[in-house]
Amino acid sequence: MANVLVFSDKTRLAAELITAAETIGDAVWAVTVNDEMQARELASYGVKVLKIDVPELCLADTAAVAAAIYQAAEHAAADTVLLAANRAGKEIAGRLVQMMGAGCLADVKAVNTDKGEIIGVRNALGGATVAEQVIKTAKKVLVISPKAFSPAPQGPGGSMEDFSVNVKTPRVKVVETREKKVESVDIEAAEVLVVVGQGLDGMETLAQAEDVAQKLNGEVACSKPLATDKKWLSEARVVGISGKICQPELAVIMGISGQVQFSVGIRDAKTIITVNNDENAPICEMSDYILTADMNQVLAELSKGL
Amino acid sequence: MDIVVAMKQVPDLQQLRIRNREPVMADVPLTFGKIDKNALEAAVLLKEEHGGEVVVVAAGSEELEDTIKEAMAAGGDRSIMLADDKAGDLDSAESAEILAQLIKQVDDCGLIIFGEGSGDNYSGQVGSRVAEKLDLPQVGSVTQIIIDGEKLRLTRSLEDSVEIVEVMMPAVVIVTADLNEPRIPSVSQVLKAGRKPKEIISLDELEQPAAEKTLTTLSNLAPEVNRKRITIKSVEELVEILKTEGFVGGN
Ligand SMILES: Cc1cc2nc3c(=O)[nH]c(=O)nc-3n(C[C@H](O)[C@H](O)[C@H](O)COP(=O)(O)OP(=O)(O)OC[C@H]3O[C@@H](n4cnc5c(N)ncnc54)[C@H](O)[C@@H]3O)c2cc1C
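Protein chains in written order, with this note's numbering: chain A, 2 to 307; chain B, -13 to 237.
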């Protein structure tokens, strides 16, 4: 039956893609770009690795990377390609599907198969709904959400072969790369989240939120505007469709209206407590306990009272 | 040199209601996606510095003729759109085919800006698909755009690194929400918006038919919400709940 090819320049994500690929294909192939270590590691998971070593092939040149993956898919006779739904992966996807004449599902969080058909489960309408969709075309690209699958375990039968590709003259030139100071916080793993939104009045109250989170053995998380517009918290703490999808035991949600793009990231929490000064905010609909009050005052009191 | 911005008309999800787990789309007003508005703002700022025109391209139902005024009020100079009630629910493949054809009508196009994901589907495919169709280089996750002669200097923000990249124009640039704060149009800008030049075509007038749908949706339902919705009156009560639920005290 079908061969499946996976690619992500992030080894951890590639390992997750291998797990996903094993649920839908018979033979799993992987392709790596200028990364010997990744090639070895993926081979140790029992897959056939096509190892590309072409220094001119730059990961920032999405068109060139997509063309290389396309050639690898042809070589592996893979009709289905899996990519990771991180920023680079999603960017490659559109280009690759167009080259392959494939159909594509992005941000896939679960994959089911039914009579040879691959059914992708993904959030739709900004996260308001969950859709089950099938790609009708023979060739398919699925872009899989990070952490939707666990990384593949070590396994036998892997191999590694050098693979040469034709690359056009690079059109995108990287002049500088800076590592981001990535906060190591993992809000997806936290059992308790104190989630703050635009109702937060400033850094002082944020410190109180941190104190409260600590007292509850949890982490502070936030809605997107607090990271992207106000820049009070880092991107790593954003809950929602373009942030993290969390399932804590307890979420204390403060000063957040509950737009769908946010709510999708927290609706699977076991218990939700909401503090909002508007009793009609949509977030109240999806809460277990609702306190209509000024969140900043509540944080001050909680910080003292816990 | 003109700057093209591709925008998607989407339902205003703040006004979406769910009934029996089904999204009720009737009467939900249409608007442009939030990140598309960041894309437009980026184009307008570049135009103010370098000249040229901001051309908005879009494809959607016939209401687009009205929705497009939002973009004209916020700084767009003219629009090229496919407005057709048979195009109310395009998938990424169809949108890309149509937008590529509309963009080809802009003669002196230096850069084409997309938002990183639409307000409704957030798949983020169309920008890359269009770049491939037009055989243009692309850079995504862009948080800053600088025009330097024939070249673009772009800041690309990935999860764990920031890259400064250069690319020759014309190029496709896909931006994130954090590169600017879209302006709020003044009343006079809103009033003038309807008079800006526009070109409108229907599906039959496309040079090539839009691609066929590549997806089938088996189901699309809101998850079940089953919450207690208990009103509490004070912080003391909140602390009590935290205690009974086992999050403070006792450990
Ligand atoms: C494509 C796309 C992707 C997106 N992805 C995400 C995402 O991943 N995550 C995300 O969060 N958003 C995302 N958004 C944005 C989202 O639509 C909302 O704009 C955002 O979630 C709103 O954040 P907020 O609730 O903090 O702010 P607001 O909507 O402004 O709500 C603030 C709330 O605080 C309350 N409030 C104000 N003052 C106080 C006070 N003193 N005390 C108590 N309550 C107070 C108000 O009543 C209101 O309910 C996305 C949008 C788009 C278009």
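Because the hints were derived from the structure by calculation, they are not lab data. None of the values given here were measured: they were computed from a predicted structure. One or more of the hints may lead you astray.
Said to hold, decoys possible - Now the stretches of chain A that chain B is said to cover, found in silico as 3 or more residues with beta-carbon under 8 Å:
| hint | segment |
| --- | --- |
| 1 | 29 to 43 |
| 2 | 92 to 102 |
Stated by the list, open to error - Distance condition first, Cα-Cα at most 27 Å in a straight line; then the derived DSSO-like pairs of lysine-lysine:
| hint | chain 1 | residue 1 | chain 2 | residue 2 |
| --- | --- | --- | --- | --- |
| 3 | B | Lys72 | A | Lys137 |
| 4 | A | Lys137 | B | Lys119 |
| 5 | A | Lys271 | A | Lys148 |
The beta-carbon is built from N, C-alpha and C at its ideal position, and this holds for glycine as well.
Below or equal to 27 Å on CA atoms is what counts here, so check Lys137(A) against Lys119(B).
-> Holds, because 21 Å separates the two Cα atoms, which is no more than 27 Å.
Does the segment 92 to 102 of chain A contain three or more residues whose Cβ lies closer than 8 Å to a Cβ of chain B?
-> With 8 residues close enough to chain B, the hint holds.
If you draw a straight line from the CA of Lys72(B) to the CA of Lys137(A), is it 27 Å or shorter?
-> Measuring from Cα to Cα gives roughly 20 Å; hence the hint holds.
Outcome, coverage of the segment 29 to 43 of chain A by chain B - at least 3 residues whose beta-carbon is closer than 8 Å to one in that chain | Contact hint for the segment 29 to 43 of chain A vs chain B: violated, 0 residues under 8 Å.
Hinted pair Lys271(A) and Lys148(A), Cα distance within 27 Å | Between Lys271(A) and Lys148(A) the Cα gap is close to 19 Å, so the pair holds against 27 Å.
Comparing the model with each numbered hint stated earlier shows that hint 1 is the single one that does not hold.
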